Amino acid sequence: MKHSIMVIDDEKIVGDMAKLSLEQEGFEVETFLSGEPALARLKEKRFDVVVTDLKMRGIDGMEVLRTVRSLYPETKVIMITAFANLDTAIEALRGDVHDFFPKPIKIRELKASIRRALGADVAAT
Amino acid sequence: MKTGDILRSFLGLGSSSSGGRTDFTFLFSSFREVLSSHNRAVEKIADMADKLGGDYIFDINYIRPSYEQLRQTVSDAVKRFDAFTDSAHPQLAAAFYRIDNEIVRLVHDAPPASAALVVDLGDISWDMERVVGGKSLHLAEVKNGAGLSVPSGFSATAKACSDFMRYNRLDEAIAQLRSRGATDEENLAALRGMIMQGEFPPPLSDALAAGLSRLSKGCGRPCFLAVRSSAVGEDGEFSFAGQFTSVLQAPAEIDSLKHAYKQVIAGIFTRKAAAYLQRLGLEPWDVRMPVCCLLMVDARSSGVVYTSDPSGQADELVISSAWGLGGPVVEGAVETDHIFVRKAAVPRVVSRRIGIKSSMEKGVSSGGIETVDTPAGTADQPSLEDDEIIRLARQAMTLETYFRRPLDIEWAIDQKGRPFILQARPLKTGKNGEKKKTAAAVLPGINVLMKDKGSVVQRGTAAGKVFLAKGPDGLDLFPRGAVLVARHDSSEFIRVMPYVSAIITDTGSPASHMAALCREFRVPTVINAGDATRLLAPGMEVTVVAGEDGSVSVYEGIERELLEQPSGVSMEDLYEFRRQRYLLRYISPLFLIDPLTDDFRPERCRTLHDILRFIHEKAVMRLVERARSASRRQRAAQLELPVPAGIMAVDMGGGLDIGEGRKKASIGEVASVPLRAVLEGMTHPGVWHADMVSLTAHDFVGSMMRMPDIFSDAEKFTENNFAVITKEYMSLSLRFGYHFTVIDCYCSDRMRNNHLYFRFGGGATDMAKRSRRVDLISFILKEFGFTVMIKGDLITARLANVTMEDMKRILDQMGRLLAYTRQLDAVLHDDSRAELYARRFLKGDYSL
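Order-wise, the sequence lines are chains S and H. The letter at position 124 of the first sequence is residue 124 when you use our numbering, and the numbering goes up by one with no holes. Residues are numbered in our numbering as their position in the second sequence, beginning at 1, plus a constant of 1000.
Check before you lean on any hint, since a few could be wrong.
Stated by the list, open to error - Computed from the model, here is a short list of chain H residues facing chain S with C-beta under 7 Å:
id, residue
1, ASP1055
2, TYR1062
3, GLU1576
If you are wondering where the hints come from, they were derived from the structure by calculation, not from laboratory data. These numbers come from a predicted model, not from an experiment. We put the beta carbon where it would ideally sit given N, CA and C, even for glycine.
Make a model of the complete structure from these sequences and hints.
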């Protein structure tokens, strides 16, 4: 079965590029432009990994993280952000998120991070 | 006039009175500042091109601050350059603001600044997609870039459409519809009706009439137009195939052109087009459609070429062909001839299937298209001759190489048998690329020519025959699809960029102009491979793998297994990706190539890279000029050489290792890296032929041999041979007899800053001998990788981006060359001697 990835970012290009490159790796990808529909979808379906922007209008990355934590403790969350102050953010989130990426995100590193999040079973796919 | 000034004027050196040490020290430090801001900007461009190249997920929040930084850096370089040159190039700032304005508009999603309403295809350049749309742009590239025939035509621009809409208050109607989100047929039909009723603003009306008149002039028969949509992105990332309206065979007169124009504009506002646009994340309200107007080809046969067989062999192309106009072929409405051609240096027909073409489309003399039966006896005949097939195949391969991807090409052959390209767009294969095989999987049995040498500038896999570039001039013979192997990287390579499969250089810099070009054109490129020019023999077939992980392998032979198959979907297919990285078009390509042509001026700068190239070139020139005229009060010493060269060294800092007050220096005391290397070459045993001196004009020999006594007469040395130096820099002016030489060189451990500028002119003997000497010197310079320009008996050559060690070696050779060629004219009795002596020189044989 394909692993499922959710990508949330209010910049369309982020979802588009992530979807294209992750689908080429054999993942199933759903993208969302804001937190609200993403949380609604999360209530219907469990994803293996959620990649979310930190700063978004309305429901932000922190709220997505809290929701994922409460619904699916085993789902890994990868946080991305366009904004500086990375150190503070990492500190705040240490232990809570699987990984943290500032934009621009090197696609190869994102893929590697997702593979790590999914464990050794996807190394060969 | 003093003797010194008379001689200065004779030598073209300008007045001797300018420039003290402080002035020149200041000038020199300003020069260094210009160079370093230039370098920072080039590095920033390389970084942005990398981040927006498809390997990173980015968004506008990355682009805005990044561009702001780049803009500051370039602005800084422009300002420093302006101060350095005393505002000698006031147009440069204007060029920078013009380009910056275009980029800022892109960053803030504003429409392009171009005010043109109509642009002829021949005047459309690569960066005008937002002005003329995709279809016109691609046709212009086929014509202007790939050099193939397309029908004559022009584009009515996006601005023409905006003006038309505003003039008829259609934007107000659109705003209402937009606010209601109303894309129902009733509202759209009303809008289309308003468009068809619309009047043309007088300037647009005039521009269309003028465009039409230019078209009709070259037609020579009753001619007709094809008027088609040319949306931004059309024929590029999206085909928009069949979504918008095309009007074919419209009589070439203004009223029918205007009517057709309105039909095309109205075609945006159909249910079908609106739905299609919305699927791409666009709204019909936002579209300001450029329109492409072409002369109809009086087609005998028409059809389509897929440059890669979508269902089979990637190395075969497929031609579909039928009689008459191409509509039925594109729509699949009739049986067609199918011809499969193997793509090779000499294309070969692999198989063909002749269809029964019972009907065809042709133009009606009163306008419009009709379907008729094919003339008796022609339905089962091939619609293409063999030589036409090969010609079409060659053109298709040219285009595939030019656009660097498999294409879907529409073509027509007119009644006289002349082929025209009507459209070229990316071929969508509709399937994901297979996982490409790794080198390891196919390694057994493959001969590895080069492994893990050099660094990857642009990754990718490519194959072709090795072409060893001696210098830019040899590029005229560059075969399409070859692998370019050279000692140094050079921005001159842009001339072959559309045809080159891969580039490998012995040395080079990842931030060089060439590296930026390779990224822009996505040419697999490896630099600093060390001895690629030795390992890879000219004509040898090789496969180059510049790996994603930075690994480099070159295999013998063309290994199809390794070559990446074009994937069905790529980043370039993403609308947002294309849209957001569009600004790179104004940043990274390089158009200002040759500093010795009229085009090398600020007005011709199209990109920030062009601006930087201009700055670099002109800053160096400026320093050379100023160094030559600043010479009086600096710390100076006469060089004590074992040959009578009579050189005065003017030290600006770190160039001489002599005690205070000493006025003479031996070679050993010259700390300037470039001067030291030249002197060592000049004094190399055997290169200085004292016995040949008597062969030249006697009086000038006297002046050459004279060692100026600067201590008794400070004026004198300024007329003679001198070098302005620092530890890493040298501006050397020499005059031996009638020969006049300038070498300007920066030689440091920062390869990217290194340059060597060489000028040689004059001569006492007759013009035939002078031109032979020019031949000899340019032959040798090209062997060392110089870009060489010859005007009369003046040679200008330059070399950049070489390592310190290479530069020292080349300077040593320059020193030898200067000594060797002093009296060479006397022995160059016929043309063949020039090459003979050049070859001898390169072998270290300096006998005359």
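Hint check:
1. ASP1055: 6 Å, holds
2. TYR1062: 5 Å, holds
3. GLU1576: 4 Å, holds
Of the hints listed earlier, there is not a single one the structure fails to meet.
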